Amino acid sequence: MSLTRLRGTLLGVLVFAAALAVWDVWPRGEWAAFYFPGVDHIGRTAWDVWPSSDFLRAVGASLTRLALGYTLGSLAGIAVGLAMGASSRARSTLGPTTEFLRAVPVIAVLPIAIVLLGDGDAMRVGIIAFGVFFPVLVAAVGGVRAVPPEIRDTAALFRLGGVERAVRVYLPSALPAIFAGLRTALSIGLVLVVISEFTGRGDGLGVAIWNWQSVSAVPEMYAGILFLGLLGYVLNVLFLVLERRVLAWHYGAIGERTR
Amino acid sequence: MVDGECSSITAPLRRLNVAGWVFALGLLVLAEGAVRLFDLSDSVAAPSAAAGALVEATADGSLSGEAATTLGTYAQGLVLAIAIGLALGVAIGSSRTLEDASSILVEFLRPIPAVALVPLAIFWFGSGPPTTRFLVAYAAAWPILVHTAYGVRGVDRMLYDVAATSGVEGAARVVRVSLPAALPSIVTGIRISAALGLVVCVTAEYFVGSQGIGDYLNDQRVAYRLPELYAAAILTGLLGLVIDALLRNGERRVVFWAGEEQARRR
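Top line first, the protein sequences correspond to chains A and B. All residue numbers for the first sequence refer to the numbering used here, where the first residue is 1 and numbers rise by one. All residue numbers for the second sequence refer to the numbering used here, where the first residue is 260 and numbers rise by one.
Derived from the structure by calculation, the hints contain no laboratory data. Fair warning: this is a prediction, and the values are worked out from it, not measured in the lab. The beta carbon of each residue, even a glycine, is placed where N, CA and C say it ideally should be. Some clues are possibly wrong.
[Claimed, not checked] If you only want the chain A side, here are some residues facing chain B, beta carbon under 10 angstroms, derived:
| id | residue |
| --- | --- |
| 1 | Leu190 |
| 2 | Thr199 |
| 3 | Tyr233 |
[As the list claims (entries may be wrong)] Footprint (simulated), chain B over chain A, 3 or more residues, beta carbon under 8 angstroms:
| id | region |
| --- | --- |
| 4 | 12-25 |
| 5 | 89-101 |
| 6 | 105-113 |
| 7 | 208-214 |
| 8 | 218-226 |
Using the sequences plus the hints, can you model the full thing?
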């Protein structure tokens with residue numbers, strides 16, 4: 001079993017290496033070499049660019065915006081989601097408005113936010129928060145609505161007030177669902193950092209990539225985009241580690257039930 | 260629905276979710292009042308102005324023409340994505356070796372968001388619809404590929420045995436057994452791709468800046484025509500809602516038997 005697994009992984013690595021090799025040695029003229037630099041060229045550029053202080057500062061600025069916008073959007077999403085999940089009146093009242101706003105692609109909100117907040121940090125954090133809000137909201141509503149009736153009844157029996165019930169009963173019970181939404185929201189957030197930075201002012205990973213585009217620094221662009229992919233991968237792994245810690249009790253409970 | 264059920268006048272009202280629409284309307288009235296009272300029309304458009312602009316720009320063709328362009332580019336990209344996603348998904352889903360071979364390549368490429376490729380794609384395809392088409396196809400191909408591979412891998416082996424006894428093998432087996440059996444999963448993948456594709460399409464247009472609603476949005480911002488800007492944003496949201504409703508409806512019709520099947524297996 002593990003031998004076939006190993007063979008599979010080995011095959012994957014081989015094909016990946018072969019793809020890189022084909023990309024590298026594919027015969028190309030001057031024109032194509034400009035648009036599709038070789039692996040070694042991109043690699044050397046990444047080696048130079050990634051540790052440079054300018055690039056690291058840009059990445060830091062982007063991550064700060066992501067952290068702020070993500071936190072704001074998630075907290076708002078959880079709060080409204082708890083309310084909408086717990087009360088059918090809140091759900092029907094806010095339903096049509098949130099359904100419509102959710103359907104508007106963030107890119108349509110971006111120019112509106114630029115007019116309102118300017119082409120700076122406030123706009124970028126706001127855009128990230130807006131995009132993060134909805135997946136978290138949907139996950140939280142679903143999570144609270146799935147709370148088993150016996151838990152609801154117990155909460156009612158103890159005569160817990162609305163806020164206390166939401167925070168102490170519904171929140172923990174809906175947490176696994178909320179985490180699923182938070183994870184989706186994280187990758188959306190990363191994309192939105194870059195999109196909101198493509199508008200070009202200030203610093204940030206998106207600004208850097210866009211500026212390289214405008215001066216035709218092609219290998220640098222590849223390096224920047226690769227870094228973005230890597231960043232998304234690392235953030236996702238970190239999130240899973242955090243999730244496993246926070247939800248350890250939950251997995252424990254599931255394990256016991258299936259045992 | 261039986262006629263007798265509609266006899267009560269309040270029944271449709273109860274279904275209409277009065278509270279929800281009153282809330283939405285109240286927000287709009289509040290926004291309208293605030294914009295007029297505090298003279299905010301320099302930074303936001305009043306709902307009435309946006310609605311007027313929406314009607315006008317749709318009627319005179321300026322916005323509706325761009326919307327048609329967007330839908331055209333979007334449809335072409337989506338068709339490409341379906342063709343590529345289905346072909347690769349079937350291949351990867353039916354062969355363990357191909358699945359292993361492609362695994363690391365797929366895991367490497369998939370986390371790179373399509374819109375991050377906008378600057379590169381402009382280099383490759385220029386600043387026009389081909390760039391947008393490519394980005395839509397690239398973004399939308401992934402969910403279809405993954406869902407197709409997943410669906411094909413999960414096909415009941417017994418179906419293949421039955422097909423073999425009837426002499427159905429090779430390409431015919433893919434068309435007559437694998438694809439129909441994997442259809443529920445494939446259709447879900449297409450629905451996810453279609454929603455994602457529209458977002459990527461408008462986003463790409465915004466930054467590529469040649470045609471379409473995305474470009475229109477950016478132009479209105481630059482020209483500081485706020486009612487038109489809001490109108491375009493509203494239209495984009497409406498397009499998303501309509502496409503999503505159509506796809507959900509289509510999904511239910513195409514795989515009407517899927518729910519039954521799952522219920523029977525349980």
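Going through the numbered hints above, which ones does this structure break? Give me the numbers in ascending order. none
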